Amino acid sequence: MVKATHPSAEKIAVAFDFDDTLVPSTYDTFIEYLGMDATEFRQQVYDPLKADGWDPISARFYSFINYSKSRSNSSEKITRETIREFGQSLQPFAGVTDMFHRLQETATAIVPQVEVEFYLITSGFVEMARSCKIADCFKAMWGPEFHYSESGEIEFLKRSLDHPAKPRYLYYISKGVRDDDSRDDILFVYEDVPPAELAIPLPQVIYVGDGDSDIPCFAMLNREGGTAIGVYPEGSAQQWADHYQPSQGERVSNLALADYSAGSELMKSLTLAVEGICKKIQLQQLSTAK
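Residue numbers (the working numbering): 1395 to 1684.
Incorrect hints may have been included.
[Claimed, not checked] Here are the simulated lysine-lysine pairs, BS3-like style, with alpha carbons at most 25 Å apart:
no.: 1; residue 1: K1662; residue 2: K1674
no.: 2; residue 1: K1444; residue 2: K1552
no.: 3; residue 1: K1569; residue 2: K1533
no.: 4; residue 1: K1471; residue 2: K1444
no.: 5; residue 1: K1662; residue 2: K1673
no.: 6; residue 1: K1552; residue 2: K1471
no.: 7; residue 1: K1533; residue 2: K1674
no.: 8; residue 1: K1527; residue 2: K1662
no.: 9; residue 1: K1463; residue 2: K1552
no.: 10; residue 1: K1674; residue 2: K1569
no.: 11; residue 1: K1444; residue 2: K1533
no.: 12; residue 1: K1463; residue 2: K1444
no.: 13; residue 1: K1533; residue 2: K1552
no.: 14; residue 1: K1569; residue 2: K1673
no.: 15; residue 1: K1673; residue 2: K1533
[What the hints assert, rightly or not] Ranges of calculated distance between the beta carbons of each label pair, as one might list FRET restraints:
no.: 16; residue 1: S1554; residue 2: D1530; range: 21 to 27 Å
no.: 17; residue 1: L1666; residue 2: R1465; range: 46 to 52 Å
no.: 18; residue 1: P1588; residue 2: S1464; range: 52 to 58 Å
no.: 19; residue 1: S1525; residue 2: L1677; range: 38 to 44 Å
no.: 20; residue 1: S1464; residue 2: D1530; range: 31 to 37 Å
no.: 21; residue 1: E1618; residue 2: S1469; range: 46 to 52 Å
no.: 22; residue 1: E1434; residue 2: K1533; range: 37 to 43 Å
To be clear, the hints were calculated from the coordinates, so they are not data collected in a lab. None of these values were measured; they are calculated from a predicted model. Every residue gets a Cβ at the ideal spot worked out from N, C-alpha and C, and that includes glycine.
Using the sequences plus the hints, can you model the full thing?
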């Protein structure tokens, strides 16, 4: 490579939100898993907390903690095992389980040595995601977590990850996720790193999300030359746009139904995004022998 050309990195990162992006809402689904009506629970428990000024993440976690503590029967309490079993029961949207392999095949067909890495950044219940059938497809997963009592019952919100904090993990991915990194030390992502030393340049990062928690990531990748793709689990693209009303800097490259089946608009969008990055890697590699 000559100094007049951009450095080449043979990796692509695809980062996802979880709820309503890869699976249906885990909050509503978990309420129903516990045998309650999700709409009624929201109206009677979650909505009053929000109206009282609670942060949405804290309100969701507290609603389950309070429910569990109110159960006199130990079998009805929410425990680490309850969370694990629910996560195992989650059914991803159509085509999700095959999507990871398909995108890797797309990349290697163009640049054989390119590796596609997958990440999860959620403001939901990451412990549920860690137990689901697609968990092994991700190199790393970040999100809010429960603290458990000695008996295994959920007790407090231990770790949160609000919407504005999500882009920090995209910087983390770009600079290189290392197995020996402590999550307490993640502030290192703000340190300046020469472009040639980045593990995955931000233009080679794709982020997929469904709503307001993802808009900070959309805006950040738009600034940095990455790719933002929006999804909606139901309804239409126009309904999504009317609801969230993203500004110019928050807009996405494409907006599609959360269907990852072969030939779907979303799968075509992801495939084109990966192909485009691979073509750029090919172009940059022309200078590596000079």
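Quick rundown of the hints versus the structure:
For the given pair, K1662 sits about 18 Å from K1674 by alpha-carbon distance, which is consistent with the 25 Å threshold. Under the criterion of a C-alpha separation no larger than 25 Å, the hint pairing K1444 with K1552 is consistent with the structure, at around 20 Å. For the hint pairing K1569 with K1533, the CA-to-CA distance comes to about 14 Å; that is within 25 Å, so the pair holds. Among the hinted pairs, K1471 with K1444 is consistent with the structure: their alpha-carbon atoms are about 24 Å apart, no more than 25 Å.
Proximity of K1662 to K1673 is assessed by CA-CA distance (about 16 Å); at most 25 Å being required, the pair is judged to hold. Note on K1552 and K1471: the hinted pairing holds, with a Cα-Cα distance of about 18 Å set against a maximum of 25 Å. Taken as a hint, the K1533 and K1674 pair is honoured in the structure, with Cα atoms around 24 Å apart against an allowance of 25 Å. The straight-line distance between the Cα atoms of K1527 and K1662 is roughly 23 Å, inside the 25 Å bound, and the hint therefore holds.
A distance of roughly 17 Å separates the Cα atoms of K1463 and K1552; the hinted pair therefore holds under the 25 Å criterion. Between K1674 and K1569 the CA atoms are separated by roughly 19 Å; this keeps the pair inside 25 Å, and the hint holds. Restraint check for K1444 and K1533: the C-alpha separation of about 34 Å exceeds 25 Å, so the hint is violated. With a C-alpha separation of about 20 Å, the suggested pairing of K1463 with K1444 holds against the 25 Å cut-off.
Between K1533 and K1552 the alpha-carbon distance is near 22 Å, which keeps this suggested pair within the 25 Å criterion. Of the pairs offered as hints, the one joining K1569 and K1673 holds, with about 22 Å between alpha carbons and a cut-off of 25 Å not exceeded. As the CA atoms of K1673 and K1533 are separated by approximately 24 Å, the hinted pair is consistent with the 25 Å bound. About 25 Å separates the C-beta atoms of S1554 and D1530, a value consistent with the hinted range of 21 to 27 Å.
For the pair L1666 and R1465, the supplied restraint of 46 to 52 Å holds, since their beta-carbon distance comes to about 49 Å. As the Cβ distance of P1588 to S1464 is approximately 55 Å, the hint placing it in 52 to 58 Å holds. For S1525 paired with L1677, a C-beta distance near 41 Å keeps the hint of 38 to 44 Å intact. Checking the proposed 31 to 37 Å range against S1464 and D1530 shows it holds: the Cβ atoms sit about 35 Å from each other.
Between E1618 and S1469 the beta carbon distance is about 49 Å. The supplied range of 46 to 52 Å therefore holds. For E1434 paired with K1533, a C-beta distance near 39 Å keeps the hint of 37 to 43 Å intact.
Hint check: a violation occurs at hint 11 only; the rest are consistent with the structure.
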